[in-house]
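Asks: The residues making up each chain are set out below.
Number of protein chains: 2
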Amino acid sequence: MAKENQFVNQIADIETDFPRWYTDVVTKTKLVDYGPVKGTMVIRPYGYAIWENIQKELDARIKATGHQNAYFPLLIPYSYMTREAEHVEGFAPEVAVVTVGGGEKLAEPLVIRPTSETIFGEMYSKWLQSYRDLPILINQWANVMRWEKTTRPFLRTSEFLWQEGHTAHATEEEAMEETMKMLGVYKEFAENCLAIPVFTGRKTEKEKFAGAVATFGMEAMMHDGKSLQAGTSHYLGQNFAKAFDIQFLDKDGTHKYAYTTSWGVSTRLIGALIMAHGDQRGLVLPPVVAPVQAIIVPIAAKKEGVLEAAAELKAKLVAAGVRADCDTTDNSPGWKFNEWEMKGVPVRIEIGPRDIEAGKMVLVRRDTHEKTEAPLADAADAVKKLLAEVQQNLFDMAKKRKEERIVTAETVEELLKGVEGGNFVKAGWCGCRECEDKIKEQTAATARVIVEGEHAEKCVCCGKEAKEVVLFARAY
Amino acid sequence: MAKENQFVNQIADIETDFPRWYTDVVTKTKLVDYGPVKGTMVIRPYGYAIWENIQKELDARIKATGHQNAYFPLLIPYSYMTREAEHVEGFAPEVAVVTVGGGEKLAEPLVIRPTSETIFGEMYSKWLQSYRDLPILINQWANVMRWEKTTRPFLRTSEFLWQEGHTAHATEEEAMEETMKMLGVYKEFAENCLAIPVFTGRKTEKEKFAGAVATFGMEAMMHDGKSLQAGTSHYLGQNFAKAFDIQFLDKDGTHKYAYTTSWGVSTRLIGALIMAHGDQRGLVLPPVVAPVQAIIVPIAAKKEGVLEAAAELKAKLVAAGVRADCDTTDNSPGWKFNEWEMKGVPVRIEIGPRDIEAGKMVLVRRDTHEKTEAPLADAADAVKKLLAEVQQNLFDMAKKRKEERIVTAETVEELLKGVEGGNFVKAGWCGCRECEDKIKEQTAATARVIVEGEHAEKCVCCGKEAKEVVLFARAY
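Order-wise, the sequence lines are chains V and E. So the first sequence is numbered by our numbering: it starts at 2 and just counts up by one. So the second sequence is numbered by our numbering: it starts at 2 and just counts up by one.
Source of the hints: derived by calculation from the structure; they are not laboratory data. Just so you know, not all the hints are guaranteed correct.
[Unchecked claim] Here are the simulated SDA-like pairs of lysine to any residue, each with C-alpha atoms no more than 20 Å apart in a straight line:
(1) 127/V - 25/E
(2) 317/E - 224/E
(3) 252/E - 46/V
(4) 57/E - 46/V
(5) 127/E - 46/V
(6) 106/E - 151/V
(7) 57/V - 406/E
(8) 188/E - 132/E
(9) 106/E - 108/V
(10) 29/E - 57/V
(11) 57/E - 69/E
(12) 304/V - 377/V
(13) 29/V - 435/E
(14) 39/E - 353/V
[As the list claims (entries may be wrong)] Covered stretches of chain V, as calculated for chain E (at least 3 residues, CB under 8 Å):
(15) 62-71
(16) 119-128
(17) 221-228
(18) 348-357
(19) 457-465
C-beta: ideal position from N, C-alpha, C; glycine also.
Could you put the whole structure together from the sequences, leaning on the hints where they help?
Replies: Structure representation (structure tokens):
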């Protein structure tokens, strides 16, 4: 165990120095590295494989709800940004600007998309003619860029990868239905694929997307009790339709502005996974998105027949649809155990001469460290069953934390105490921006979402009548 | 048939005005639209679905040959471009430059990647330590930007999508083997998925990638006899290793520079598909990459049971893995036939009351317009068989054209006559740049690839001893 401890010691303590733990884990497991330009990241193969699994699962859901993928240009004329007043105010300060192309100064500066409502708007205005063309339901997987001052891999980087859906509808009702539908898709995806239970709800005016009528977000509780905004769905009303002239000829023969929505999740989700499930030994990846679901470690690998049996087992698992790999390096089994635990592989399979003789294998779960045995003849079913159990248990543990760590507050002092203790705090709010600002100033907590269907007497800050119950938390 | 002719007339004549035919087809079939920034394109859902199919097929091949995907940053410090002398000479004139970020002028200008050898080189230098770390085999799917003066959708756009593989190896032999292996992967993919036979071979010094020791390309013959460079694989020797200090400690205890390669194909392949297989009625898409493989057109759709039978047929085909759709719009069958022919759907299925009664369907191939019947009970197998036949026939037709349209030339006049007649021309070449330039000037043809294993007496241009046989063609 000496070796293991030595290894564990390379990762900062998860309880006392969570930010450093995060940095240690993302770099040591080779998920990511820092790019040469400040604030950029290189997503390394192990990290990108998680993103590919996220894409696969989410893309299927986006298509199943009737959307098609497309690709819109990276560069947007600067003037487009200025057409929607709130939008330019929100995004202009953080854009990267191209001023030179092909050796010449450009007549108009171009921004690298920080988000694509404007360029989708421009094209939709061109494509949309009649009510028969509606709804337009398009998604794209793309890179975007927002010039950030403080950056951390996956959580906040100047360039990141995401999907952004942009839809146009004939009526307010349909657009609102779409907005909520996609929020629901995100929630189901987060819970069933990432094993992360989330809070969903409307954002306050202060926290909403620049240019939206209303933003709905999903918030996930991290290991330290802070919140991470894991996805948003925006009801844009006619704001962008008016700014970009997205009109259609309706059944009644009159021209009307469309109602639009947009919604997105990004490589931030990888940060969410890490901080929701990780432990002192490193990553703990949910099987659905883990690049390697089962790692086979041969014991006494030089003994006759061991590597062959391991290879055969791997082939059997792969054929059954398990993402299995076999570590055939000449490192010691103990070193391999640590390495793959740090990398968060959900199930480790140990197989040595005695196991082979007895026709069995040893299975070790990453989440509970529980050891079991299973017959080799039944390998694929046993591993699949265990993977499903790990997936469920990760969700259950995260859900338990989420439920245990919600407190209520009647005063700003209580709210402060709550978030300092690593909790989400429910509190009444009068609805005014002044109180929201004051709460942030005094507690470093922000309004994450407005809680539906709950009631409070007084605003936690000013004591006046509460209009809403708000979920407050410190956030990434 | 009046309606059909009317429809066909909307597309320019393929024989007399191929460039206009191309533009008509890509826009009318909604593959693509022009972006607001000059030279950019919006890849619309129908076009993007082709790209997704290309990605799926090619990505599987890239992974099967041991490569992993990753994602490297979009922005590259300008100074990186200058480290490899040929590279900066080739790419600096066509980069887009970011000079402002977050409202402030940047200390160092950043280029939007025109290709990523430099930033991969920088990271490989950081990651690579020992020979045990080799080979490094990484690919990325990404957008790149090259500021082009004359642009055409898919063929030449300032921004395009591609994959770029970047590998590092311990020896020259291994790197060269990788270069040729990926050229082979591209060829197999082009022939079996895109149904496009290709010429592969080494490029001349003039035509090689800026910074490569040697470039190998694959060239495809288009409908008009011009060539399209459909993919390239570069052996970079130690050029980038030296420029970016990619060194490793070898078994013998000494530090050595690695040998690197890079290889890529792009959304140009969609242009290749269109121009290799298209006809007067529009697109003709190979089944392997067609977004819709079989379109069901209900006949007398208002008659009882027709739409139900069509829906049932669609469900059956989809369940069998066929990308099938059913056109339930209220357009006439004739209009639908034209529409889906223009969109290049490989197989059309007609189903009406009499067919349903007889338990059969009518199948119409897009490539030969041949009509056959098949029992509904056997629908999936019949459609799959027909799709395989269409795929094979498209390849055979393209191969026949490729073989028929190769001529040889002894003089520049003959070479000119050859390319003017829509041919590829094989000719001897002395190996000097002067002749290559002169040939281009006089014939508008360029050296596409050097032909292996063939011999010519004299250079087609200067008459001196020929060192190589070169395949000349006018090219996109």
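Asks: Need the status of pair residue 57/E, residue 46/V: alpha-carbon distance at most 20 Å?
Replies: holds (18 Å)
Asks: Against the 20 Å threshold, does the CA-CA distance of residue 127/E and residue 46/V hold or violate the hint?
Replies: Answer holds: residue 127/E to residue 46/V is near 15 Å, not above 20 Å.
Asks: Taking 20 Å as the top limit, are the C-alpha atoms of residue 29/E and residue 57/V close enough?
Replies: violated (30 Å)
Asks: Given the proposed pairing of residue 106/E with residue 151/V, does the C-alpha separation stay at or below 20 Å?
Replies: holds (18 Å)
Asks: Between residue 39/E and residue 353/V, is the straight-line Cα distance small enough, at 20 Å or below?
Replies: violated (63 Å)
Asks: Check whether the Cα positions of residue 29/V and residue 435/E lie no farther apart than 20 Å.
Replies: violated (54 Å)
Asks: Quick check: do three or more residues in the region 119-128 of chain V have a beta carbon closer than 8 Å to a beta carbon of chain E?
Replies: Held - the region 119-128 of chain V has 5 residues with a Cβ nearer than 8 Å to chain E, which meets the minimum of three.
Asks: Decide if the proposed pair is consistent with the structure: residue 127/V and residue 25/E, CA atoms, cutoff 20 Å inclusive.
Replies: Holds - the C-alpha atoms of residue 25/E and residue 127/V are around 17 Å apart, at most 20 Å.
Asks: Hinted pair, alpha-carbon criterion (20 Å max): residue 57/E, residue 69/E. Please report holds or violated.
Replies: With a Cα-Cα distance of about 14 Å, the restraint between residue 57/E and residue 69/E holds, given a limit of 20 Å.
Asks: Tell me whether the statement that chain E covers the region 457-465 of chain V is true, taking a Cβ distance below 8 Å and needing three residues at minimum.
Replies: violated (count 0)
Asks: Can you confirm whether chain E covers the region 62-71 of chain V, using C-beta to C-beta distances below 8 Å and requiring at least three such residues?
Replies: Coverage by chain E holds here, the residue count being 3 at a Cβ distance below 8 Å.
Asks: Can you take a look at whether the region 348-357 of chain V is actually covered by chain E? Rule is 3+ residues, C-beta closer than 8 Å.
Replies: violated (count 0)
Taken one by one, the earlier hints fail for this structure at numbers 2, 3, 7, 8, 10, 13, 14, 17, 18, 19, listed in ascending order.
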